[in-house]
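So the protein sequences, as listed, match chains A and B.
Under our numbering, the first residue of the first sequence carries the number 1, and numbering increases by one thereafter.
Under our numbering, the first residue of the second sequence carries the number 1, and numbering increases by one thereafter.
Think of the hints as simulated: they come from the structure by calculation, not from any bench.
Keep in mind it's a predicted model, so treat the numbers as computed, not measured.
Do not take every clue at face value.
Identical copies look the same in the list; a pair holds intra-copy or inter-copy alike.
[What the hints assert, rightly or not] Keeping only pairs whose Cα atoms sit at most 16 Å apart, straight-line, the calculated EDC-like set for lysine to aspartate or glutamate is:
{"id": "1", "residue 1": "LYS97", "residue 2": "GLU79"}
{"id": "2", "residue 1": "LYS141", "residue 2": "GLU161"}
{"id": "3", "residue 1": "LYS154", "residue 2": "ASP123"}
{"id": "4", "residue 1": "LYS12", "residue 2": "ASP89"}
{"id": "5", "residue 1": "LYS97", "residue 2": "GLU82"}
Read off the chains here:
2 protein chains.
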Amino acid sequence: MIYEIEIKSPVKNENVLRLKLLEYGAVSEGVAEEIDIYFSHPSRDFTVSGESFRLRSSGQKACFTYKGPRETSKTKMREEIEFNIENHDKALLMIEKLSFMPVGIVKKKREKFRLDQYTISMDEVENAGRFVEIEVTSEDKIGGEKDVLDLALKLGLSDFENRSYFSIVNSIDN
Amino acid sequence: MIYEIEIKSPVKNENVLRLKLLEYGAVSEGVAEEIDIYFSHPSRDFTVSGESFRLRSSGQKACFTYKGPRETSKTKMREEIEFNIENHDKALLMIEKLSFMPVGIVKKKREKFRLDQYTISMDEVENAGRFVEIEVTSEDKIGGEKDVLDLALKLGLSDFENRSYFSIVNSIDN
């Protein structure tokens with residue numbers, strides 16, 4: 001099983017954080033506007049099961065993402081299944097035909113950095129603010145969590161946000 | 001709305017049919033093995049609603065296809081939404097996480113021909129036999145149906161099979 005292991009922190013001083021990232025060798029992969037549409041399931045309540053299912057558009061690209069319930073940990077740790085799709089509009093139409101209903105949208109400007117096994121995202125999220133996310137995708141939960149916490153420490157991050165962007169934007173507690 | 005309008009006929013003499021196709025200018029696009037996995041919906045019965053949802057792999061490619069209920073016509077006419085996806089195995093995993101259950105598999109060797117607006121498929125279907133399908137994808141139901149019937153006539157086809165491959169393989173009447 002592939003896990004997404006991530007930690008998120010509000011960005012207080014973007015320039016300081018950016019300099020630290022470059023100092024550790026992080027390489028910017030550019031900026032894109034991401035628009036995520038989240039869906040409800042036709043027969044179970046994702047807010048109860050703790051799952052999520054979304055369609056993302058990022059420039060000309062689109063992908064589906066399913067995330068399983070969170071596991072108890074210091075970081076956010078969830079099963080993640082993600083793959084690119086050829087046509088955003090057809091995917092949206094199909095998903096609605098299958099009775100998944102849109103329940104919310106998250107829009108953000110995301111600058112992605114790559115550093116070894118890490119993906120670091122500097123996000124400006126509409127109606128939520130500026131955040132940095134450190135993420136690894138791994139089958140090794142313990143190693144992955146250690147890696148994420150190590151880099152957060154190096155970057156001077158300590159004030160962590162446990163909620164997803166979807167929850168923040170929609171003022172949901174978890 | 002985009003419709004798939006198609007007609008299917010058992011192939012009695014493949015060589016005669018192939019010669020006619022070439023005579024009318026059809027161009028072979030090659031042979032591929034297609035494996036379709038059909039799914040049930042988590043909260044409604046597709047055999048009652050007349051819909052279908054499948055994941056197809058064809059060589060290195062994969063796609064999702066949703067088909068709506070059939071409309072009454074001489075040909076098979078259904079809403080169709082289809083798009084390529086990057087990763088077959090991740091898509092299968094995600095679909096199962098979302099509680100769509102595999103209900104059947106159709107395997108076939110398909111040779112595709114292109115002729116003007118038509119896609120013509122010569123199919124050798126495991127546990128069903130040899131068939132030819134003439135298909136157009138169009139918003140124009142009346143024009144599309146006329147086109148399909150015209151070409152069927154030109155190719156000397158008259159014995160039409162109304163069932164889907166899924167129904168034939170699984171001995172379902174409709």
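Tested hints:
no., hint, result
1, LYS97 with GLU79, "between (26 Å within a copy, 11 Å between copies)"
2, LYS141 with GLU161, "neither (20 Å within a copy, 53 Å between copies)"
3, LYS154 with ASP123, "neither (19 Å within a copy, 60 Å between copies)"
4, LYS12 with ASP89, "neither (36 Å within a copy, 41 Å between copies)"
5, LYS97 with GLU82, "between (21 Å within a copy, 12 Å between copies)"
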